[in-house]
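Asker: Single-letter residue listing:
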Amino acid sequence: MKKKLISALLCTSMAASLFVGCGGAASEGGVDPDAAATDEEAAESAESEVVTNTFGDPNGTHLEMWTFVELHGQHYGVMAEEWNKEHPDNTIEITCTTYPYGDMHTKLLTALEAGTGAPDICDVEVGQFPNVVEGLDQWLVPLNDYAKDYLDTMVPARMETYQGEDGNYYGAPYHVGATVMYYNVAAMSEAMGLSQDEVIAKIDAVKTWKDYEALGNEYLTALGDDTKYFTSVDTGGVDWLWLAMAEYGDDWTGGFDKPANVQLDSVKEMLTMQQSWLKSGFAMVSPDGHVDLEAGFQNIMDRNIVSFPKAMWYMSRFTNYMPDEKGNWYIAKCPVFKEGQKCSVGIGGTGTVVTQQSANKELAAEFTCWAKMSEAGEQHIWDTLGFDVCNTALWGDEAFAHDDNNQYNQFFINYPYDVLSEIGMDNIGKISVVSISPTINEYLCTTTLNEVLEDPDYSIDDALQEAQDAIDMEQ
Amino acid sequence: MKIKNFLYSQKVAPYVFVLPFILSFFFFWVYPLITAFTMSFQDIGAIKSDWVGFANYAKLLKDNVFHIAVWNSVKYMFFTLVLLIPFPMLFAVLLDSNLVKAKGVWKAILYMPALTSVVISGTLFRLMFTEYTTGQMNMITAALGLGTYKWLKMGWSGMLALLIVACWRWTGVNMLYFLSGLKSIDTSLYEAADIDGATGWQKFKYVTLPLLKPTTVYVLTISVYAGLAMFLESYMLWAGNSSPNNIGLTIVGYLYKRGIEKNDMGYACAVGVVLLVVALIINFAQLIVNGTFKKGED
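Chains as they are written, first to last, in the numbering used here: chain A, 1 to 475; chain B, 1001 to 1298.
Rather than coming from a laboratory, the hints here were simulated on the basis of the structure.
Because the structure is a prediction, the values reported are computed rather than measured.
Each residue gets a CB set at the ideal place from its N, CA and C atoms; glycine is no exception.
There may be inaccurate statements among the hints.
Unchecked claim - No more than 20 Å apart at the CA atoms, straight line, and that leaves these computed lysine-lysine pairs for PhoX-like:
hint, chain 1, residue 1, chain 2, residue 2
1, A, K107, B, K1183
2, A, K361, A, K268
3, B, K1183, B, K1107
4, A, K279, B, K1107
5, B, K1150, A, K228
Unchecked claim - Simulated DEER-style distance windows between Cβ atoms:
hint, chain 1, residue 1, chain 2, residue 2, range
6, A, T384, B, A1055, 43 to 51 Å
7, B, T1187, A, N320, 36 to 44 Å
8, A, L71, B, A1055, 41 to 49 Å
9, A, L136, B, T1141, 50 to 58 Å
10, B, A1055, A, T116, 24 to 32 Å
To be verified - Negatives, chain B to chain A, calculated, CB over 12 Å:
hint, residue
11, Y1057
12, K1059
13, S1097
14, L1099
15, I1140
16, V1173
17, Y1177
18, D1194
19, N1241
20, D1264
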């Protein structure tokens, strides 16, 4: 009898620990499919401990800030010191706490829902933003008034990414994450027997995807090695499709008003083109799904592919993981389907929000906008975080954009900001990140892209219909 | 005086001693359990939550991805039971015998993986199983003339990778359970068997196995729920919660996807409740079959 009781107790406690176990495991790291930019940071922060740093004037107004990347916190620390120098009569002290990715977002949501315990300022990863912005101005402070001095020169697509349903801006962006085309000029010039300048001239002449194909075929013919490809297409990422949508001005999420629809002509056209590339040996499927993983880096270093589209923040992958490639790569605008289309799209990102629970909302909001959008703030973001900044006033600034001490300016053949200036702030498209976004991305990355790219004869219409059916179940 | 009476009271003292456990049990286990249960009948929104009755459960019945997750978890649990009970038992018996030298070293080597962070080992296994030609697994199969595989894109090889991680990680732990079980078997039983002329196999079959049964049942019970609740291994192996055609999605992975990634806590709680029910059914069935609830054995 006693044994029975013990077994029953054992079972209950075990069952209960199942739930506890879930919570624990879940908090060990969270990566959203959307969070390409922060994937790695999230993984890195997954196991790291909580780090707390306090900066600024101990006698100033105290602000509490949460982030999931320690470097972001340090950015605020430096900016707080700068702020205090400029505002000696209104100084601040800021405590930045770095939590693991999953923990921080869960804590923030819980605190917002509970109405107590939230920090003054908080970083929110773009994939998590729909959850946080759901409470609109009951939870967050609209930043419109505090950002208005900078709005003229901020990339509009990026500000809109952190808009709420009511049209207010709730988040201050770190970067554009503008999608550009990376080309291995060194490999191409070797294979084609041309000088680097000649190759660059050919790359600059690429306007449409047709031109891109022609250039790629020229390279592949000259190389004559059927184990090499011009580019790789992703089964584990939607960057190519985002680019296609931005070019046509489509948005599969439908934004806040319309239902999500993935059966778009832009998506079909991109997938059709990719299937034809796979069949003709022009492209390969990215090993392990996309280029932002170790196998992808190796694939690039082995010169199995010599070009691919990716956001600007991918530059840091070159400096961190492929340092030997220094001097080989050239950054250019992405090709378009029809001339005159937008040729870039902002991918990934982190928006900084100010919560309504803050005792010093105005100061917190003013400081946040200043630290993230002013020239001083942007300078520091570029220098330490290496992000392509959203304030276009700096893009053409010689001292800023052509600083030869900057590691990215040193690494690439051309200056990254020259490419951004050439694209122009109005040519960077935006795909909304709303509550249905994770569902779309997840279905595409787990199922649809694997179907149509692993088997290039698979019907794109069928695959997209399946995806649409799955998404319709959720909306 | 009263305080002293209280402290020395034989009736009260035991309750005082178990109080910390009871309190933490209620606060961190029972309370979340009940809350999760009630939440599974709600649509949890940002500002307010609505009662939706059995809507979440009705949706689970139609949710193909959830069915895939359940099937994956059940398959994984089944194979871990097949691999992680007989082999650790065999290793434990070997280590307990005189056939093996340097026992401490073997024990340490087999146990070490359990101390390694899954985040680190999972990443290493992901790199080993990469579809790229430089991955260890592809180097091995290529050297054997079998060509290369997209390990983490196919159902069978994805499951194989998960099982290899599981075996690497848990063999040592289960072996230790069995070793401690073996230590509690009275050696005189083996001596008696020797005198009766029993062979090694007979000793194992008629002495070791029956006396090891409580340990086996315990390992079986924890393995059932560990198998069903697996998440982190899959999460690390596919560098995130999304695997091609959901070949690596588990029940807890789905719960995480719904609860954290899509912020649909009500639905996630329904997933959790189903997991609890499945785990309880399997374990109670297993415990009944093994006679744990039979009277008069203690």
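Asker: Evaluate each hint against the coordinates.
Answerer: Quick rundown of the hints versus the structure:
no.	hint	verdict
1	A:K107 x B:K1183	violated, 46 Å
2	A:K361 x A:K268	violated, 46 Å
3	B:K1183 x B:K1107	holds, 15 Å
4	A:K279 x B:K1107	violated, 52 Å
5	B:K1150 x A:K228	holds, 18 Å
6	A:T384 x B:A1055: 43 to 51 Å	holds, 48 Å
7	B:T1187 x A:N320: 36 to 44 Å	violated, 59 Å
8	A:L71 x B:A1055: 41 to 49 Å	holds, 43 Å
9	A:L136 x B:T1141: 50 to 58 Å	holds, 54 Å
10	B:A1055 x A:T116: 24 to 32 Å	holds, 30 Å
11	Y1057	holds, 15 Å
12	K1059	violated, 8 Å
13	S1097	holds, 31 Å
14	L1099	holds, 35 Å
15	I1140	holds, 17 Å
16	V1173	holds, 16 Å
17	Y1177	holds, 15 Å
18	D1194	holds, 32 Å
19	N1241	violated, 7 Å
20	D1264	violated, 9 Å
In terms of the numbered hints stated before, the structure departs from hints 1, 2, 4, 7, 12, 19, 20, listed from lowest to highest.
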